[in-house]
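Enquirer: Chains X and A supply the protein sequences, listed in that same order. For the first sequence, counting from 1, position 7 maps to 7 in the UniProt record's numbering; every step adds exactly one. For the second sequence, counting from 1, position 31 maps to 31 in the UniProt record's numbering; every step adds exactly one.
Bear in mind the hints are in silico, worked out from the structure with no lab data behind them. By construction, the Cβ of each residue, glycine as well, lies at the ideal position given by its N, Cα and C atoms. Where hints are given, some of them may not hold.
[As the list claims (entries may be wrong)] Per label pair, the in silico range of CB-to-CB distance:
id: 1; chain 1: X; residue 1: Arg74; chain 2: A; residue 2: Gly122; range: 36 to 44 Å
id: 2; chain 1: A; residue 1: Gln68; chain 2: X; residue 2: Glu54; range: 21 to 29 Å
id: 3; chain 1: X; residue 1: Ser97; chain 2: A; residue 2: Val100; range: 43 to 51 Å
id: 4; chain 1: X; residue 1: Glu129; chain 2: A; residue 2: Lys120; range: 44 to 52 Å
id: 5; chain 1: X; residue 1: Arg74; chain 2: A; residue 2: Val26; range: 21 to 29 Å
id: 6; chain 1: X; residue 1: Lys34; chain 2: A; residue 2: Gly56; range: 37 to 45 Å
id: 7; chain 1: X; residue 1: Asp133; chain 2: A; residue 2: Tyr47; range: 43 to 51 Å
id: 8; chain 1: A; residue 1: Thr31; chain 2: X; residue 2: His42; range: 19 to 27 Å
id: 9; chain 1: A; residue 1: Thr31; chain 2: X; residue 2: Ser97; range: 21 to 29 Å
id: 10; chain 1: A; residue 1: Ala119; chain 2: X; residue 2: Thr107; range: 20 to 28 Å
id: 11; chain 1: A; residue 1: Gln63; chain 2: X; residue 2: Asp39; range: 49 to 57 Å
id: 12; chain 1: X; residue 1: Thr32; chain 2: A; residue 2: Thr69; range: 24 to 32 Å
id: 13; chain 1: A; residue 1: Lys120; chain 2: X; residue 2: His101; range: 38 to 46 Å
id: 14; chain 1: X; residue 1: Ser104; chain 2: A; residue 2: Val100; range: 43 to 51 Å
Each chain is listed here by its residues.
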Amino acid sequence: MAAGPYNYSYIFKYIIIGDMGVGKSCLLHQFTEKKFMADCPHTIGVEFGTRIIEVSGQKIKLQIWDTAGQERFRAVTRSYYRGAAGALMVYDITRRSTYNHLSSWLTDARNLTNPNTVIFLIGNKCDLEAQRDVTYEEAKQFADENGLLFLEASAKTGENVEEAFLDTARKIYQNIQDGSLDLNAAESGVQHKPSSPRGTQLSNDQPANKEGCAC
Amino acid sequence: MEEVINDIVDPEDLKKFEKKYNKELVAGHITTNTQFEYAWALTRSKYGNDIKKGVGLLEELFQQGDEQTQRDYLYYLSIANFRLKDYEKALKYCRAILHVEPRNHQAMEMEKLIKEKMAKEGLLGMAIVGGVAAVALGGIAALGFAVSKGKS
Ligand SMILES: Nc1nc2c(ncn2[C@@H]2O[C@H](COP(=O)(O)OP(=O)(O)O)[C@@H](O)[C@H]2O)c(=O)[nH]1
Ligand SMILES: [Mg+2]
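Just chain A, same shape as in the assembly (with noise of 0.2 Å):
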């Protein structure tokens, strides 16, 4: 689960992407697709803003996705809040996918390694907390309600 957390975007893959979201920019159109890629290559990059970039992006995506994909969404938001150190962000949305799908491993394994990240930054006791009020996934705008905002 760390490997896929630390990876890092190759500056040229992530240089393509972009070179193909802002094309499609221009001429007026962005595919889910294009958004998408664009998006897991920003969540990636070693710079902040580059992954703050790609979780507004995600969260536009949430928005118009279906159940399937927005599982997808929900899950490189908890990544890419994991990567920004907002953990409470991050685990929010990696319970949202608990909710719908309890057994999901990936998230299983995700939402581990956010507490084990937490309870070593003392973290831990807001996050139950806010794990209360985290449960609903009716869309983004339910998830965003913090109790309170990690620090970012």
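Pulled out of the complex, with its shape left as it was, chain X reads as follows (with noise of 0.2 Å):
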């Protein structure tokens, strides 16, 4: 959506995956429009959001597929793990079957992304305390015998939104500087773009072509 010249130097991609209804879109929306959408429809198999950010000093490009969380997706919206650089793992802390999937989303995130990619585990809608199915504790140890960095948020009122993105976006820089992510690997998730002088198109931001298709 964005034309002329970058104004970031890095691109991450990013997938968001978990249960259907645990708000993996509000999550997006709420971090990329400041908004929570009350009442919305289910996603169709994926949408897509973007937004930039800064780590570091370093001006970074979010792009973030939504993936629909109902199984008749899942065959197809396993293709766009391929290449994440962060996956943000949502559960309901209202609901307990949503946590209770958790380790079958795990183990297609980690069959089909990098050994590097950022898993973040998100407890969603913990403004609904009253209603809560799932401890704090138990998250946390979950995340912490898996390696995934973990808190709890609401879309609805924002908390802990920005810091779930940011803190995944701080780790992969971390992972870059470090040396363990290679941004040569075919699918590191990340694109570095060297600052370049104006009139620089926008549109290798695409792997495809810009007009869609070649028909």
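Could you use the hints to bring the two separately framed chains together as a complex?
Expert: Laid out in structure tokens, this is it:
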């Protein structure tokens, strides 16, 4: 959408995964628009959102793919995992079943992304304390055991939403700095954009041709 | 939104879904899921013929679908027709979703993008005429009667 010369030096690809109804689309919307969508219909397939953030003085463009949680979309949404630098894995703290399914989501994420992909666990809807069905402690333990970053958040109030997206980016950036993430690897999920003179097209923003199809 | 439309399927994935589809075709029973996966992959192909084939499969699925899945098929039909540059059809499918779910933001974004594209290509006048006729959601046939066929 943004046109003109690059005003960022990196692109990080994210995916958001987890059961249907846990608040993935609302988290994305809260992060990109700073608004809560009260009653949004279920996502059809995949959605896309983008925002430019700053980490250690570097402008980073996040390209975020939000996937539908329904089983019938799963085979296809899996193809979006490839080349993700960050994965936000979401459950709903008021619905235990969404927490119980995390190991299946995690298996998918581990199998389909690269070893350096930063996986961030989000316990969403923490504004609904009275309906809590999963304790902070057990989720934290699950996260620690599996090497995941973890926060409870609320797409409704906005609590910890920025933090989750930004902490993921900080961790990815740190992996770049210490050399553990190889930018030249095909599926690192990170593109480096050396600051270029005005007039450079943004088209290689997208791997594919700009017009969509070559028909 | 543009990113979703411009996203190209990995050829390996397309092959994988095609294989699964053909296997079931030979066995004589194609599951809805297999057909949908293959159709979705086809509509994300680089090649117009693949996309057209995907449209055919989606239209079949639409006929058999329930309300929820029909909405999904309409959305992909809209995207596929956009990719085929048949913006009028793309708009019709998109509006059919909005007719049922006026606040569906994926469809709203899609409609906006189609309109921008049509405005750029000087097609918007036709679209407005077409839009009046296109609101009824009664099946593909009802959606298919075009006021004027898009250039394709
Ligand atoms: N109370 C509360 N409701 C939320 C929150 N996030 C999402 N919801 C609601 O949960 C439902 C599902 O959200 P959605 O983003 O569509 O879930 P998705 O299927 O994971 O994308 C919607 O009705 C939202 O309004 C939250 O943080 N707090
Ligand atoms: Mg969603």
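Enquirer: Indicate, hint by hint, whether the structure satisfies it.
Expert: Checked hints:
no., hint, verdict
1, X/Arg74 with A/Gly122: 36 to 44 Å, "41 Å, holds"
2, A/Gln68 with X/Glu54: 21 to 29 Å, "40 Å, violated"
3, X/Ser97 with A/Val100: 43 to 51 Å, "28 Å, violated"
4, X/Glu129 with A/Lys120: 44 to 52 Å, "50 Å, holds"
5, X/Arg74 with A/Val26: 21 to 29 Å, "24 Å, holds"
6, X/Lys34 with A/Gly56: 37 to 45 Å, "42 Å, holds"
7, X/Asp133 with A/Tyr47: 43 to 51 Å, "48 Å, holds"
8, A/Thr31 with X/His42: 19 to 27 Å, "21 Å, holds"
9, A/Thr31 with X/Ser97: 21 to 29 Å, "25 Å, holds"
10, A/Ala119 with X/Thr107: 20 to 28 Å, "46 Å, violated"
11, A/Gln63 with X/Asp39: 49 to 57 Å, "29 Å, violated"
12, X/Thr32 with A/Thr69: 24 to 32 Å, "28 Å, holds"
13, A/Lys120 with X/His101: 38 to 46 Å, "44 Å, holds"
14, X/Ser104 with A/Val100: 43 to 51 Å, "32 Å, violated"
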